[in-house]
Each structure stands twice: as C-alpha cells, then as structure tokens.
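Hey, can you work out the whole structure from these sequences and the hints?
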Amino acid sequence: MTDEPLLRVSALSKFYGSRVGCDNVSFDLWPGEVLAVVGESGSGKTTLLNCLSTRLLPSSGTASYRMRDGQFRELYRMSEAERRFLMRTDWGFVHQNPADGLRMTVSAGANVGERLMAVGDRHYGKIRATAVDWLSRVEIEQDRIDDEPRAFSGGMRQRLQIARNLVTGPRLVFMDEPTGGLDVSVQARLLDLLRGLVTDLGLAAIVVTHDLAVARLLSQRMMVMKDGRVVESGLTDRVLDDPRAPYTQLLVSSILQV
Amino acid sequence: MTAQSTDIATYNFAYLDEQTKRMIRRAILKGIAIPGYQVPFASREMPMPYGWGTGGVQVTASIIGPDDVLKVIDQGADDTTNAVSIRAFFKKVANVAVTTETAKATIIQTRHRIPEHPLTAGQVLVYQVPIPEPLRFLEPRETETRKMHALEEYGLMHVKLYEDIAKHGRIATTYAYPVKVEGRYVMDPSPTPKFDNPKMHRSPALQLFGAGREKRIYAVPPFTDVVSLDFEDHPFEIQTFDQPCALCGAENVYLDEVILDDHGGHMFVCSDTDYCEKRREEGHRGHLAPETDLASEKLEPAQ
Chain R
1 MTDEPLLRVS
11 ALSKFYGSRV
21 GCDNVSFDLW
31 PGEVLAVVGE
41 SGSGKTTLLN
51 CLSTRLLPSS
61 GTASYRMRDG
71 QFRELYRMSE
81 AERRFLMRTD
91 WGFVHQNPAD
101 GLRMTVSAGA
111 NVGERLMAVG
121 DRHYGKIRAT
131 AVDWLSRVEI
141 EQDRIDDEPR
151 AFSGGMRQRL
161 QIARNLVTGP
171 RLVFMDEPTG
181 GLDVSVQARL
191 LDLLRGLVTD
201 LGLAAIVVTH
211 DLAVARLLSQ
221 RMMVMKDGRV
231 VESGLTDRVL
241 DDPRAPYTQL
251 LVSSILQV
Chain D
259 MTAQSTDIAT
269 YNFAYLDEQT
279 KRMIRRAILK
289 GIAIPGYQVP
299 FASREMPMPY
309 GWGTGGVQVT
319 ASIIGPDDVL
329 KVIDQGADDT
339 TNAVSIRAFF
349 KKVANVAVTT
359 ETAKATIIQT
369 RHRIPEHPLT
379 AGQVLVYQVP
389 IPEPLRFLEP
399 RETETRKMHA
409 LEEYGLMHVK
419 LYEDIAKHGR
429 IATTYAYPVK
439 VEGRYVMDPS
449 PTPKFDNPKM
459 HRSPALQLFG
469 AGREKRIYAV
479 PPFTDVVSLD
489 FEDHPFEIQT
499 FDQPCALCGA
509 ENVYLDEVIL
519 DDHGGHMFVC
529 SDTDYCEKRR
539 EEGHRGHLAP
549 ETDLASEKLE
559 PAQ
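Chains R and D are the protein sequences, given in the same order. First residue of the first sequence: 1, per this note's numbering; consecutive thereafter. First residue of the second sequence: 259, per this note's numbering; consecutive thereafter.
For the record, the hints were derived by calculation from the structure and aren't laboratory data. It is possible that part of the hints are untrue.
Stated by the list, open to error - No more than 25 angstroms apart at the CA atoms, straight line, and that leaves these computed lysine to any residue pairs for SDA-like: (1) D:Lys405 x R:Leu212; (2) D:Lys438 x D:Phe494; (3) D:Lys405 x R:Arg103.
Unchecked claim - Under 10 angstroms between C-beta atoms, here's a sample of chain D residues computed to sit facing chain R: (4) Pro293; (5) Thr401; (6) Arg404; (7) Leu409; (8) Glu410; (9) Glu411; (10) Gly413; (11) Leu414; (12) Lys418; (13) Leu419; (14) Tyr420; (15) Glu421; (16) Ile423.
Glycine residues also receive a C-beta, built at the ideal position from the N, C-alpha and C atoms.
Structure, rendered in structure tokens:
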C-alpha cells in the first residue's frame, strides 16, 4: 500500500449564483477506500460528486488526483481532452438512472466494449471476450450480450452500467445513488456485488447516497452533508453508532426500524 | 452590371453572386487545408429543393470557370433527372461545356458514386452530401460530435461496426462507410457504396464535399490517405458480384440490379452508364446485350 492519497480535495465550493451548492469541502481519499457522502435531498451531495468528477467546474477550491505515474495533477487545470481521457480510462461514473450512463440503443456487449474501443482496441474477438467476461462478473447471462439495455430490468441495467465502467480497470469510481429506484432484494444483491468488486479490484469509490444502510454496507468512511457543508465525517461505524452532530443524530434516528 | 444580349444576362456567372462564391471558396480552402474536417459555411437557397444536391451545386458553382468541362452523375448514371437537370442548369447559368465522358471532364459532380474510369490529376470530384456527420446517428448532439472530432474521440464509430458484427456476423454497413482521412478526422464519404472507398485513397483528383442543408463543406486533397475503419479480425472488404455486367460484361465494377418484368426477371448492369457505353462501343458484350448495336436507342446524350 502506498502512503499517499489518491485524491486530495481542498476547500471545494460551488455556488449557483447566490445559492450554495457545496461549501468549503475538504478531504483526502486513499486507494482502495470507499467514502460515502450522505445527507438529505438538496444537501449538495450530487453537486460535490459532479465537481469531483469534473462534470461541473467548482467556483473555488482545488482537487488533485494522483495519476498512474504517481504525479499529482490538479483536476481543474487539466485540458478537457485529458479530463475526458481520465473519465473513460482511470475513472468510472455510475449514474442513479442507468439510462444516463448507458447507450440504450446499442447492445449490452457494445456498451461494455465502448471504452475498450475508445482507448484503441481494434480486435472484435478480444473485445467480445472481455464483454462476456464482464457480463458474467456482474451476473448477466451470456445470451443477453446482444440485447439492448432497453430489454433489461432496472437491476440488470444498473449491473450493466457497472460492468461498462469497470472494464478499463479504473482506480476511482463515482457512484450517485447506485441502488436508488431498485426494490430491496435487488438492492441487496447489487450491494453484495459492488462490495465484492470493490474489494477484489481494490477500487477507491465515492458513493453518494441518502440511504444510510448502503453507506454502512459499502463504505469505510463517511461524510454527512447539510446545506452544502460537511457537518460530520469519520469512520462509518463510528458516525452511525455514535453520531455527534445534532443533524447526524437526527438522520440516524430517522431510520425506520422494521 | 450592364445588361448583355446573351442568354445568361439575368444571372451572375454560375448563378451565385461573387461574394457568395468567395465565401464558399474560403470554406473549400480551409477544408483542403484540414482534410476531412467539416467546415461550416453560409449555405444559400438554391433553385432546387434540399436533398437534390444544393451543397454540391454551390461547390461546383464556386469553382467552375468558363473553360471547365462538367459531368454530372446520379448514382453513376448521366441520364437521370437529377443529373440532367444540374447539367442543364450549369449549361445555362455558366455556359460551360458538358460531357458524359469521365476522362474529358474537369469537374464531375456526383451523387453517391465515384466513376469507374480512374480519375486523374487536375480533375475535381464534387460530392453531394446529405448528412456530413459520420457520428450523427450515434450521437445526436452537434456540440458533442464537434467535441468528439476535436478530441479525436472516435471509439463510438467502432461501436457501430461492433454492433454490425454482433448482429450480422460481419460489418454490414455497405454505404456511407466511415473513413479516417490522413490519420486524423473520421469522415462520411457521403452515401457512396463502400465499393468506392478504396478509390478515394490517394486519389490524384481533388475531392470536395458539399452539404447544403447541413451547411458543411469538407475536402480530401489529392494523394491523401483515406482508410476505411475496421477491426483487426474483421478487415474492411468491398462488395463483390457473382456475375459480370449483363450488357457489357465488365467485372470488378459496381453493378445495379434492374428489374426486367413482373415475373422476377432481372439483370445486373454497370451503375456507371458512361463506362458501360464505352465498353459496348469497344465491342464488349454481356449475356443480355442485344445483338444489334445499342447506340441507336442509347439514352439522349447531354444536350
């Protein structure tokens, strides 16, 4: 293990006019670590995630990422070409709605293969073999490889989206409510799968969720956000079992017990 | 300008006004300087509907001079409505010589074919292009496709070819087959059959592409690399035909299927009418060629 973080975020803020998106967020993310960002709707979780993944440019603050060569690069100073290259090789982004992250009109195999072709893979047989391999890793039957994601259930689409993102062996994956909109049994299987993949591949991930159970299962560390600010952060178990900020206490006590 | 007694007095030479021609020539020059790059231009209304070759006509009008010899083909044929009309148009507004012979033409405006007769240095091939953006049906946003060209992000183009192989077992795209020009820009060669793609590669003729409705001009300068995209294990192939042309017996040319009756009778003949006629004049005969010389009932040559 290396003793340097993968991502360093310092005083990141995003304002929409006078409205606050996220305000003065700082943290470090280490390789192989899963960080959960929790909070209610409108607390700035998604804004933060979009800023980190350079889909949005922040109003102020910096974020630097340790590239594969070990050098830190400031994300917001990279050229667009470099950022987009990073996006489709070293990073992944799993959207809440799979339709946003998939090409719905091309087959599952092509969805998985697109990133490979984007980085210059030009051998159909190899691309297809990789796609088959990844579909089986996310528990999609092989004979669905030529079906369009439109014909897939919500859970399958989400798993396909995950396969599509992981095929280039990224080191950092952003997830925006990855289990949102799925029923509980499907959620459970997806979480199980995600947890397995993250451990096997040593991925670092930033998971935005409003579901504390998802945070508990997936993450080692969590940040609680409210009104664009981080109100509490720490080890997931500590925050959930011993919440200190009043808002976190409210959040934890709001979980419905079955 | 004072009125002249000639037939073309009511038009500027070649229909377009001089400022428009300069604007289009600038776009053409930029296109030639950046092979395969789609240059936006202020496309004009032409006296014909979009989709009938307004882009090609504007390009031709901007480059044609009084000494030029014009040939116009439509799917290889010199005698279809579109080709005859455009030829008549330039005969009227530019008073230029017209021909159906590929070798004699200096400018060849084409809809969806490249002549079989090899082109030579000094000739200009003007393509009529309906949709210039090769990525359009994969990515509908123009802002995004421009960015993809700028950053050379062409993975998506191979996604389409992948889909072809996955669905049909081979690359089933037969026309508008995407090419990479000079190792940089991916370009739509207009809906020519992929049979013609190899002819674009290092062609001695200048190739200009005009899309009137989409307001884009692009170009392939002479002797430029034009490579059809493919996979290592599914290389690019052109169409092949089982039988030679039924009229002139030509092989290794692009053939059209012509229906002869309503009992399923059909024949395959050269899509390039000029090439086919030339061969028949030289005495070549296909299996369905009439015994008597066809020349008498040959289609009207351009007036």
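Against the structure, the hints:
Only pairs whose Cα atoms come within 25 angstroms are accepted, and lysine 405 of chain D paired with leucine 212 of chain R is rejected, the gap being roughly 39 angstroms. Distance check on the hinted pair: lysine 438 of chain D and phenylalanine 494 of chain D sit about 13 angstroms apart at the alpha-carbon level, within 25 angstroms; holds. As the CA atoms of lysine 405 of chain D and arginine 103 of chain R are separated by approximately 18 angstroms, the hinted pair is consistent with the 25 angstroms bound. Among the interface hints, the one on proline 293 of chain D is violated; its C-beta lies about 21 angstroms from the nearest C-beta in chain R, farther than the 10 angstroms criterion.
Given the 10 angstroms rule on beta carbons, the hint for threonine 401 of chain D is violated: about 13 angstroms separates it from the nearest Cβ of chain R. Because the closest C-beta pair between arginine 404 of chain D and chain R is about 12 angstroms apart, greater than 10 angstroms, the hint is violated. A least Cβ separation of about 5 angstroms between leucine 409 of chain D and chain R falls short of the 10 angstroms threshold, and the interface hint therefore holds. Annotation: glutamate 410 of chain D was flagged as interfacial toward chain R, and the flag holds, the nearest CB pair being 8 angstroms apart, inside 10 angstroms.
For glutamate 411 of chain D, the interface hint holds, the least distance from its beta-carbon to any beta-carbon of chain R being 7 angstroms, beneath 10 angstroms. The closest approach between the C-beta of glycine 413 of chain D and any C-beta of chain R is roughly 3 angstroms, which is under the 10 angstroms cut-off, so the hint is satisfied. At a threshold of 10 angstroms, the smallest CB-CB gap from leucine 414 of chain D to chain R is about 7 angstroms, leaving the interface hint in force. Proximity of lysine 418 of chain D to chain R holds as hinted, the smallest CB-CB distance being about 8 angstroms (cut-off 10 angstroms).
A least Cβ separation of about 8 angstroms between leucine 419 of chain D and chain R falls short of the 10 angstroms threshold, and the interface hint therefore holds. Checking tyrosine 420 of chain D against chain R by beta carbon gives a least distance of about 5 angstroms; that is within 10 angstroms, so the hint holds. Hint status for glutamate 421 of chain D relative to chain R: holds, with the closest Cβ pair at about 5 angstroms, below 10 angstroms. Taking 10 angstroms as the C-beta contact cut-off toward chain R, the hint placing isoleucine 423 of chain D at the interface holds, the least distance being around 5 angstroms.
Of the numbered hints stated above, those contradicted by the structure are hints 1, 4, 5, 6, listed in ascending order.
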